[in-house]
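Asks: Residue-level listing of the chains:
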Amino acid sequence: MNDHPSDAPLDPARSTLLDLRLDALRRAAAAESAPAGLEAALAARFRTHARSRRWHRALAPLAVAAAVALVAWILRAPDEPHAATSPPASGKTDDGPFLALRPLDVVALEPGVTVVSAQFPRALLAEWGLPVAPDRAAEPVHAEMLYSAAGEPLAVRLVR
Amino acid sequence: MTMAPGDPQPELALLARMRRGEEGAFVAIYRRHRDAVYRLALLYAGSAGTAADVTQDTFVHLITRAAQYDPARGTLGAWLCGVARNLARRGERETPVDPASLADDAALPEDRVDRDTPLECLLRDEAAEEVRRALAALAPHYRDVLILCELSELSYAEAAQLCGIDIGTVRSRLSRARSRLAQHLERYAAPQGARESAHE
Numbered sequence: 001m002n003d004h005p006s007d008a009p010l011d012p013a014r015s016t017l018l019d020l021r022l023d024a025l026r027r028a029a030a031a032e033s034a035p036a037g038l039e040a041a042l043a044a045r046f047r048t049h050a051r052s053r054r055w056h057r058a059l060a061p062l063a064v065a066a067a068v069a070l071v072a073w074i075l076r077a078p079d080e081p082h083a084a085t086s087p088p089a090s091g092k093t094d095d096g097p098f099l100a101l102r103p104l105d106v107v108a109l110e111p112g113v114t115v116v117s118a119q120f121p122r123a124l125l126a127e128w129g130l131p132v133a134p135d136r137a138a139e140p141v142h143a144e145m146l147y148s149a150a151g152e153p154l155a156v157r158l159v160r
Numbered sequence: 001m002t003m004a005p006g007d008p009q010p011e012l013a014l015l016a017r018m019r020r021g022e023e024g025a026f027v028a029i030y031r032r033h034r035d036a037v038y039r040l041a042l043l044y045a046g047s048a049g050t051a052a053d054v055t056q057d058t059f060v061h062l063i064t065r066a067a068q069y070d071p072a073r074g075t076l077g078a079w080l081c082g083v084a085r086n087l088a089r090r091g092e093r094e095t096p097v098d099p100a101s102l103a104d105d106a107a108l109p110e111d112r113v114d115r116d117t118p119l120e121c122l123l124r125d126e127a128a129e130e131v132r133r134a135l136a137a138l139a140p141h142y143r144d145v146l147i148l149c150e151l152s153e154l155s156y157a158e159a160a161q162l163c164g165i166d167i168g169t170v171r172s173r174l175s176r177a178r179s180r181l182a183q184h185l186e187r188y189a190a191p192q193g194a195r196e197s198a199h200e
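Here the protein sequences line up with chains A and B, keeping their order. Using this note's numbering, the first residue of the first sequence is number 1, and each one after it goes up by one. Using this note's numbering, the first residue of the second sequence is number 1, and each one after it goes up by one.
Hints are supplied without guarantee of correctness; some may be wrong.
Restraint-style ranges between C-beta atoms, simulated for each label pair [said to hold, decoys possible]: (1) B:Asp7 <-> A:Arg57: 25 to 33 Å; (2) A:Ala13 <-> B:Gln68: 39 to 47 Å; (3) B:Pro71 <-> A:Glu39: 36 to 44 Å; (4) A:Thr48 <-> B:Arg31: 36 to 44 Å; (5) A:Asp19 <-> B:Pro140: 19 to 27 Å.
If you're looking for bench data, these hints aren't it; they were derived computationally from the structure. Idealized CB from N, CA, C, for every residue including glycine.
Between the sequences and the hints, there should be enough to build the whole structure, so can you do that?
Replies: What follows is the structure, encoded as structure tokens:
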């Protein structure tokens, strides 16, 4: 017999003999079955896994809700300190309308206006045509001034 | 021997029910494939204990990673056989092997040929046992195609997919594997014949 392995295809006789031998192994293997105890062990494993998946499914909406709440809180959080530390210049928002110091069409067309809190002697109001009691002329007045981008006063609103 | 294609829909429906947590569906799938998986594992591993472990791990894989199965790539049976093959071969790799022994024509050392496990032996039949020994002595890539194409119910295409080679390579490798197996069997037979002649 040749000691060196040959890759040449088997001749029909050897091929048939090999088929018979493989068939013997095939038949022997076919007689084997998976151990009986495996099914119960795997079924138990399946139940455990299915239970844990059910928990995951049940908790998933809660997890999503918690995530949404967290994101909302994170998005809102920066606004809250701002609201606490930067109140409107007036401290209140219902102090009434601004009184125009310039023609309304000029004020309306003015780009980049700025509102600035200010405090000045009440006597100054008289210069804008507002009535001032002489005995209170020296008192300070709190107001919000609307300035143009060039620094010109456009309107004023008194605040309490 | 090839696996009949059949209608995959009933099995896919079972799989869907299994994934929804129906134990009955899992048991039905298990009963349908357990023996094929066990026999394949037995052919690779050679021992009943290892084959049982491989079978268990294969179905645990199905329980925990069923989403990995893609029906477009083949039948569930072929996928399970692929998982079993990989697990069985992983077990083989845990035993260090001299690379030289993996040469195509290298017979495995005597101590690696599974002769001494009668209680765990796959085959009771003497002729089948001879073939099993010769099979165990083949290089892994030849043993692979023989087990998958000749001894299991997988098509060449399925074997090609499991081995990660093209179908032409499966055919040529199978042809060479059959030659090598025949030569191994003749080598085993020759000393026996010589011993019988000496007795006469």
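Asks: Does each hint hold? Answer for all of them.
Replies: Structure-based check of each hint:
1. With their beta carbons about 31 Å apart, aspartate 7 of chain B and arginine 57 of chain A fall inside the hinted range of 25 to 33 Å.
2. At roughly 45 Å, the beta-carbon separation of alanine 13 of chain A and glutamine 68 of chain B lies within the given 39 to 47 Å, and the hint holds.
3. Checking the proposed 36 to 44 Å range against proline 71 of chain B and glutamate 39 of chain A shows it is violated: the Cβ atoms sit about 25 Å from each other.
4. A C-beta distance of roughly 20 Å is found between threonine 48 of chain A and arginine 31 of chain B, which places it outside the suggested range of 36 to 44 Å.
5. Take aspartate 19 of chain A and proline 140 of chain B: their Cβ atoms lie about 22 Å apart, and the range 19 to 27 Å holds.
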